[in-house]
Amino acid sequence: MSQQDQPAADQRPAIATRTMDIVVALVILVLGAIVVYDSHRLGSSWGDDGPQSGYFPFYIGILLCLSSVGTLIQTLRAGVAPDEGFATREQLKLVLTVLVPALVYVLCVQYVGIYLASAAYIAVFMVWLGKYPWWKSLAIGIGVTVSLFFMFEVWFKVPLFKGTLDPLSFLGY
Amino acid sequence: MLELSALFHGFAVVLSPYNLVLMMVGIVLGVIIGVLPGLGGANGVAILLPLTFTMPPTSAIIMLSCIYWGALFGGAITSILFNIPGEPWSVATTFDGYPLAQQGRAGEALTASFTSSFVGALVAVIMITFLAPLVAGFALKFGPPEFFAVYLLTFCSFIGMGKGSAFKTLASMMLGFALAAVGMDNVTGKLRLIFGFTDLMRGFDFLIAVIGLFGIGEILLSMEEGLSFTGKSAKMNMKVVLETWKKLPRYWMTSVRSSLIGIWMGITPGGATPASFMSYGVAKRMSPNGKNFGKGELEGVIAPETAAHAAGTSALLPMLALGIPGSPTAAVLLGGLLIWGLQPGPLLFVEQKDFVWGLIASMYLGNIAGLIVVLTCVPFFAAILRVPFSIIAPIIIVICAIGAYTVHGAMLDIWFMMMFGVVGYAFKKLDYPLAPLVLALVLGDRAEDSFRQSMLISQGSPAIFMSNWLVGGITSLAIVLLVWPLVSRGLAMLRARAT
Numbered sequence: 000m001s002q003q004d005q006p007a008a009d010q011r012p013a014i015a016t017r018t019m020d021i022v023v024a025l026v027i028l029v030l031g032a033i034v035v036y037d038s039h040r041l042g043s044s045w046g047d048d049g050p051q052s053g054y055f056p057f058y059i060g061i062l063l064c065l066s067s068v069g070t071l072i073q074t075l076r077a078g079v080a081p082d083e084g085f086a087t088r089e090q091l092k093l094v095l096t097v098l099v100p101a102l103v104y105v106l107c108v109q110y111v112g113i114y115l116a117s118a119a120y121i122a123v124f125m126v127w128l129g130k131y132p133w134w135k136s137l138a139i140g141i142g143v144t145v146s147l148f149f150m151f152e153v154w155f156k157v158p159l160f161k162g163t164l165d166p167l168s169f170l171g172y
Numbered sequence: 000m001l002e003l004s005a006l007f008h009g010f011a012v013v014l015s016p017y018n019l020v021l022m023m024v025g026i027v028l029g030v031i032i033g034v035l036p037g038l039g040g041a042n043g044v045a046i047l048l049p050l051t052f053t054m055p056p057t058s059a060i061i062m063l064s065c066i067y068w069g070a071l072f073g074g075a076i077t078s079i080l081f082n083i084p085g086e087p088w089s090v091a092t093t094f095d096g097y098p099l100a101q102q103g104r105a106g107e108a109l110t111a112s113f114t115s116s117f118v119g120a121l122v123a124v125i126m127i128t129f130l131a132p133l134v135a136g137f138a139l140k141f142g143p144p145e146f147f148a149v150y151l152l153t154f155c156s157f158i159g160m161g162k163g164s165a166f167k168t169l170a171s172m173m174l175g176f177a178l179a180a181v182g183m184d185n186v187t188g189k190l191r192l193i194f195g196f197t198d199l200m201r202g203f204d205f206l207i208a209v210i211g212l213f214g215i216g217e218i219l220l221s222m223e224e225g226l227s228f229t230g231k232s233a234k235m236n237m238k239v240v241l242e243t244w245k246k247l248p249r250y251w252m253t254s255v256r257s258s259l260i261g262i263w264m265g266i267t268p269g270g271a272t273p274a275s276f277m278s279y280g281v282a283k284r285m286s287p288n289g290k291n292f293g294k295g296e297l298e299g300v301i302a303p304e305t306a307a308h309a310a311g312t313s314a315l316l317p318m319l320a321l322g323i324p325g326s327p328t329a330a331v332l333l334g335g336l337l338i339w340g341l342q343p344g345p346l347l348f349v350e351q352k353d354f355v356w357g358l359i360a361s362m363y364l365g366n367i368a369g370l371i372v373v374l375t376c377v378p379f380f381a382a383i384l385r386v387p388f389s390i391i392a393p394i395i396i397v398i399c400a401i402g403a404y405t406v407h408g409a410m411l412d413i414w415f416m417m418m419f420g421v422v423g424y425a426f427k428k429l430d431y432p433l434a435p436l437v438l439a440l441v442l443g444d445r446a447e448d449s450f451r452q453s454m455l456i457s458q459g460s461p462a463i464f465m466s467n468w469l470v471g472g473i474t475s476l477a478i479v480l481l482v483w484p485l486v487s488r489g490l491a492m493l494r495a496r497a498t
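Residue numbers (numbering that gives the first Met the number 0), protein chains in the order written: chain A, 0 to 172; chain B, 0 to 498.
Take these hints with a grain of salt, some might be off.
[What the hints assert, rightly or not] Listed below are the simulated SDA-like cross-link pairs for lysine to any residue, each with C-alpha atoms no more than 25 Å apart in a straight line:
(1) A/Lys156 to B/Tyr17
(2) A/Lys161 to B/Ala409
(3) B/Lys162 to A/Leu62
(4) B/Lys162 to A/Met19
What the hints contain is simulated information worked out from the structure, not anything from laboratory work.
Taking the hints into account, I'd like the entire structure generated from these sequences.
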């Protein structure tokens, strides 16, 4: 991270590490509680034929909760330290510019399948973030996808997801 | 010399044209994976694993392990030329590698790094050749309590030897175990932790976790740093290589020391990354040129690279001999064994001689091939990194998605991969270690099985883990490792009070 002399608004931490630490520890606590609850429901003790299904996960859940409480205590006792923060606004923005299109991409895969979604995703990403001319981006997107098609579908005979709408069904794969 | 004849048999297995081609393909793919940000040894192997489902297991493991060697080599290229560690274990290589490149001595640094990687791997493979059969023979005596004690030892050493918060290591590990428990209980047939979602019945596959945590998580992290790749160019020719080789014997002591550190950290689940840092630190302290470290000292490249490769290679020893992987990549290879229908564990050495010795022989040949490939093709691999991030990033995400899909042919797994990606990003930033999570996810079911079987033998008494000298010894060692941070902190406090 490059700290300028006068930190711009974008350089300030958007989230403190401490906050994030607490949030993650709480999530882990909840997960631990879920594991303990479900293991208890399945039976966490000794049945007629030996240990029941929840016997082992029950203790895993307990340890998960303990580790979370440990982290919480450590974080709270450490106090508010002037650290560089979990991520600055600028960083968060950059991460989201990758994450959000990636999520949209997965959503598209769900409907139109891996091939069409990938070609579109690579092309759009290049135009949008790389500022490439659209014809170049489209060529690379389609080129990569076609080579993937040959590698998986034709050579290794591993079928990839065609999407619920299956727009490429006319190709016969 | 039973091992030697077995080894020659292994060479005979490897030296078929089909296997040699796969070996070269593996090495080249591995170096590319090692060079690219977001693709590393563990998730690279995980993504390519589905392509090997139809291959004979021996050929499959040869190709996948060669990808691993390639990735180990590849990490050094980006560290030295671009000051960007392509892999976590090559961070220490940037300290002296990049300054050397800035001085125009990139060729020298690369040659030294590749050669010492090779030396580290070679020492580790020789160690595996002779030690692994012994360990496996010894482990044939193990029953369920002993196996559980070894699992305990593995996981306790993560907590005891980890650098960060012990609670975070524990949390990451237990999360792995909890995820492993999701789905059908293979003993009673009951459904666990699925809360009515039938899609969860299959459970979480660790390959998906590896691709998400390491692949997507890494892409998010490198995006955050706003990477711009501006690298030094390397002039590599026979003259530079030979001249560097002439200098290397001078540092034999560093090589020996680093190899030993690497082997130790690889067998215990420390892994290649801490091994490289530790070896760099030790070399800095012991070397007469220690004060020049960080300014471009050849020894500062040799030490971490030797150790990283020795550790990466010897991580396969516990995987082969005991069925317990020493690193995330070894864990992925272990997952491969299960998929190809092989039962990991000490019996592998008895029942699958072709497979085991073919793999060990391919380690020798793979590293020689790797050394030749990287020494001759550096400019080509460096050119890959000059491809702008806005082209590479979406392509890597697409490859990760395809990798996640092909594991089970399930669309839902791509969503899980994205979820693991976000988790990986957050965990990395908050210093939660990822390796314990992956290892727990891989070993979860087997650890639980051996725990249950032990409990059945003893009718529910944990005293079985102390019942004889063997299991008692392993368990005690595990407990010592577990409480070691507390002990050392206590000692430090006492010492502080005394002064």
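Verification of the supplied hints:
1. Under the criterion of a C-alpha separation no larger than 25 Å, the hint pairing A/Lys156 with B/Tyr17 is consistent with the structure, at around 19 Å.
2. This hinted pair checks out: A/Lys161 and B/Ala409 have alpha carbons roughly 11 Å apart, not beyond 25 Å.
3. Taking the CA atoms of B/Lys162 and A/Leu62, the gap is about 20 Å. The hint holds against a cut of 25 Å.
4. With a C-alpha separation of about 20 Å, the suggested pair B/Lys162 and A/Met19 falls inside the 25 Å cut-off, and the hint holds.
Violated hints: none; the structure is consistent with every hint.
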